[in-house]
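Chain R: place on chain A using the hints.
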Amino acid sequence: MDNTLQTEKFYYDNKIVKWFAYATILWGLVGMLVGLLAALQLVFPVLNLNTAATSFGRVRPVHTNAVIFAFVGNGIFMGVYYSLQRLCKARMFSDALSKLHFWGWQLIIVCAAVSLLAGYTTGKEYAELEWPIDILITLVWVTFGINMFGTIIKRRERHLYVAIWFYIATFVTVAMLHIVNSWEIPFTWMKSYSWYAGVQDALVQWWYGHNAVAFFLTTPYLGVMYYFLPKIANRPVYSYRLSIIHFWALIFLYIWAGPHHLLYTALPDWAQSLGTVFSVMLIAPSWGGMLNGLLTLRGAWDKVREDPVLKFIVVAVTAYGMATFEGPMLSLKNVNAISHFTDWTIAHVHVGALGWNGFLTFGVLYWLIPRIFKTNLFSQKLANWHFWIGTLGIVFYAVPMYWAGFMQSLAWKEFTPEGQLKYQFLETVTQMRPFYMMRSIGGTLYLLGAIMMTYNLIKTIRAGKAVNDEAAEAAPLAKTYVEHSGSHWHRWIERRPMQMMVLSLIVVGIGGLIEIVPTFLVKSNIPTISSVKPYTPLELQGRDIYVREGCYTCHSQMVRPFRSEVARYGEYSKAGEFVYDHPFQWGSKRTGPDLARIGGKYPNSWHFNHMYEPSSMSPGSIMPSYPWLFENDIDTAVMGAKIRAMQTLGVPYPEGFDKVANVELMKQAESIKQNLAGDKIEIKSNREIIALIAYLQRMGTDIKLEQKATTASNN
Amino acid sequence: MRTSFHKIILTALGLGFPALLFAAEQAAVAVPAEKSVWTSFNAVLIGLVCLVLILLLSILILGNTLRQLGFVYRDKMRSERSTPGAIKAVLLLLAATGISKMAMAQDAAAAAAAPAEAPVSNFISGIPKFDFYFLMGAITLELLVIITLTLLIRTVVRLLNAQPETETAAATKKVIKISFWDRFNKVVPIEKEQDIMLDHDYDGIRELDNSLPPWWKYGFYLTIVTAVIYLWYYHMGGNGPSSYDEYVAEVQKGEEAKAAYLAKSANNVDENTVKMLDAAGITAGQNIFQTTCAACHAKDGGGGVGPNLTDDYWLHGGKISDVFKSIKYGWVDKGMKSWKDDFSPIQLAQLASYVKSLQGTKPAAPKEKQGELDKDGQAVPADQGAATKDSTIASK
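Protein chains in written order, with our numbering: chain A, 1 to 715; chain R, 1001 to 1396.
Just chain A, same shape as in the assembly:
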């Protein structure tokens, strides 16, 4: 339209895209390999290798963080850096910032892997990284933001294409989620406590966790899809109107749905219901993305049959559709009562992760690499094989997990006619092993496909020569813009990136505010229980060990109000029981039994033997052994700092308690030592296992004290 202006010559930065592509491939392989290890550990506990860094509780967070933030994260940046330049008709704002962004992100990943394996974790799922890394993430993310907006501002294209709307929403929302959820109080240079406690911490965490799925795994990838799918298929996008409606509806509704991770927990019912209804309303906006993708392929299905790249993308978009239909179904309370805490959830997330994120990444890589290297893909045939093996891998992964989830749930809930629980928890664990084995086979196939892709791409790269700076030309924007008459109202905001960012922030801010603020301010949401007291110093140390070893990856601390759970674990959990839990440890998966009421259930000696060799107390258990807890000393040097941090957070320890905390600690440790000696067990009182036993024996017992008190007064 601005034909009068002379065109300018400039170069797209392909080098940074290439780097992000390499990082995507590398971390993808690493993340999947670690996932395979974790999967096999559940079949063969011996693979935990009896060392701290290789035990499941530490490996699993490495897997989740690696595939989400390293594999998909780099995938996002690869897609954004390639498409943004072309959609803005401009080189990235600053090469230096691009480099800083790239190396900063890789540094975060390395720090994350090392610190997680070393046991530094906040204990909040998908936000496990400790405070120095959190700060680093914020800085790098802001770098990315500046670079992105800088590019948008110097664009040569008046209007922002739908892909960029998604990138902008991703940028602001992830920043908001990360900063709010990672709000924590450091007490050493690598350890902190979550600012929030119990129910509030749970709500903030799942507001974050759910929207990490929404705004890290979904919206940026939708943006990537909106660029690459029409480009590769050479077809116009199906419907501009659909793009507008599904974009705004998606980002507005998604943010509310977090509480569906907390159905039937101690979270107030009203918040749970909001989680349910907003998840149900999400079906259409999510499917809007799928429809716009699949219907764009009208008239191009003959290409899909031939081209492995399009095959990957079609399966990715279909998997997205399946996962986003299943998600709302899992958010219905009656379905969630069956699915939650079981392997069903694992199946669900892997349909999304392996199908949507994985396959879209593969498709983009197969298309992008030959383009950057000005050559053809080394082998279409190999890519086709990758497609089929990967698809088979997904099926072999998901089907056994769905089956396992059903079995677990049915077995956990089944009563005999006499009113007894039919199955011991352990029976349901040993029954899972064949399914975990089949899942591992599925995972192996998927990884095999990724390795084939790596080989194929390396061969392609070798055959070509990288065009690091790709020449392009376009006319600059005219100083003034005359709007066409009759153009769509939405065009207004497409010309204004800053307003777009602010509006996105407002739209995503509403849901969080309405759910989180009342939970913090309205007292009736968390009724006080007078017998619930702060942890003793020894118990606090034990709790920190519980967090460090990632016990929450397999054990929940949340007895839901179901007959079967009350019969199995004891009184259902109340909101007031968790007011001193920084962070909360409700967990999201029961590979092992719930521990909310473990306190007092077994003698100290049982826990001692069980932690040393789980199968000695529970034959057939797949839990790792924790021999290092019997050699490491409790870190009493930081006790004072921990107490002071807790006091800052409002935990009512008496004034000056930080000075005497270690005395109290040793007293309690000594009594546990004596008790163990009664069972002929010799152990020094300053070993970590003593602290862990103290914590385990405390868990869920406060409420029993209150019940005893009330029965006594009634008598």
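Please keep in mind that the hints were generated in silico from the structure rather than gathered at the bench. Warning: the hint list may mix true and false statements.
Below 25 Å or equal to it, Euclidean Cα-Cα: the simulated BS3-like pairs (lysine-lysine) are [as the list claims (entries may be wrong)]:
{"#": "1", "chain 1": "A", "residue 1": "303", "chain 2": "R", "residue 2": "1334"}
{"#": "2", "chain 1": "A", "residue 1": "333", "chain 2": "R", "residue 2": "1253"}
{"#": "3", "chain 1": "R", "residue 1": "1334", "chain 2": "R", "residue 2": "1369"}
{"#": "4", "chain 1": "R", "residue 1": "1217", "chain 2": "R", "residue 2": "1275"}
{"#": "5", "chain 1": "R", "residue 1": "1337", "chain 2": "A", "residue 2": "413"}
{"#": "6", "chain 1": "R", "residue 1": "1253", "chain 2": "R", "residue 2": "1340"}
{"#": "7", "chain 1": "A", "residue 1": "673", "chain 2": "R", "residue 2": "1369"}
{"#": "8", "chain 1": "A", "residue 1": "680", "chain 2": "R", "residue 2": "1337"}
{"#": "9", "chain 1": "R", "residue 1": "1186", "chain 2": "A", "residue 2": "231"}
Computed from a predicted model, the values in this text were never measured in an experiment.
Structure of chain R alone, referenced to chain A:
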């Protein structure tokens, strides 16, 4: 085409028959395995059998696809005069059908052989070892067949594609297919696409301005209406049950069912009526003891984390009713958990009987004496008073 339709159905039946036989055999295998470990059902076994059947079904489908492709190919070759390629394809097809039939015959034969081997004492997830490996073998075999068939189908499709259908036939097909889809989604047909093409071009990407698919739009409205009704029903005067209400109702229903069952059941044993059981009862108790109690009390009852159960010294009374009570309610302060929610009254009685039957046996590593001498409840333990007090709390 119509004449060959009958043929296809007949073939499908013919191919399907062995599959049915096979399923029946599998069911026969399933029964003994089930009984030995799981009282009601063994989901792993059912899962594996279903997998075998599903794979078998896919073999059937693939096999038939291959046959049909074969007919198409043969017809085409006839019309285009036979070539060496056609002979090759027909040979391939023959081989494929042969393979799938052979595989199924093998499966069925092996399945028939399986029951004879069933009473092997070794189990893998509740399935006799032989059956387990057999099923795994069957699955592997089926997977191999599926891969072979897939490869063959691919080859034949390639051969077919080498001589595509005439242009006009393909075109008419396309039009018919799309028109329903277009109406369903309210799509502007591809031919008229230019009318709704927007004037923008983003790096070569154009956008159409199709309407929202009606089913999508009304579906969206429907979810919004559902959400409003849901919130009204549960939180704004609709009297929907809270999580707590649901819990109370569930427990009440469970308790009623339990009471109804126990009222007409001989299983209703408690600490007042429990008696020493016969040898069968003791054996049943022993089985539970070995899996559940041995971790703390040792396999021979000699004690470990928990006290020695073979001597005449008892912490909480040695009468069968005392032992029953100890198991039922536990001594939580001392580390003995309550088992009343894990085992039925009759199972508790079996356990108590087994424990009593251990008295006087010689365990390998007996733990030292604990508690008071109580030879079958003759002597009065010193802490009788305390014990009664505790048990009243426990039994409240």
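Hints versus structure:
1. 303/A / 1334/R: Answer violated: residue 303/A to residue 1334/R is near 72 Å, above 25 Å.
2. 333/A / 1253/R: 19 Å, holds
3. 1334/R / 1369/R: 16 Å, holds
4. 1217/R / 1275/R: Roughly 70 Å separates the two Cα atoms, so the pair is violated.
5. 1337/R / 413/A: This hinted pair holds, its Cα atoms lying about 21 Å apart.
6. 1253/R / 1340/R: 19 Å, holds
7. 673/A / 1369/R: 22 Å, holds
8. 680/A / 1337/R: 20 Å, holds
9. 1186/R / 231/A: 24 Å, holds
Figure legend: structure checked against the earlier numbered hints; hints not met, in rising order: 1, 4.
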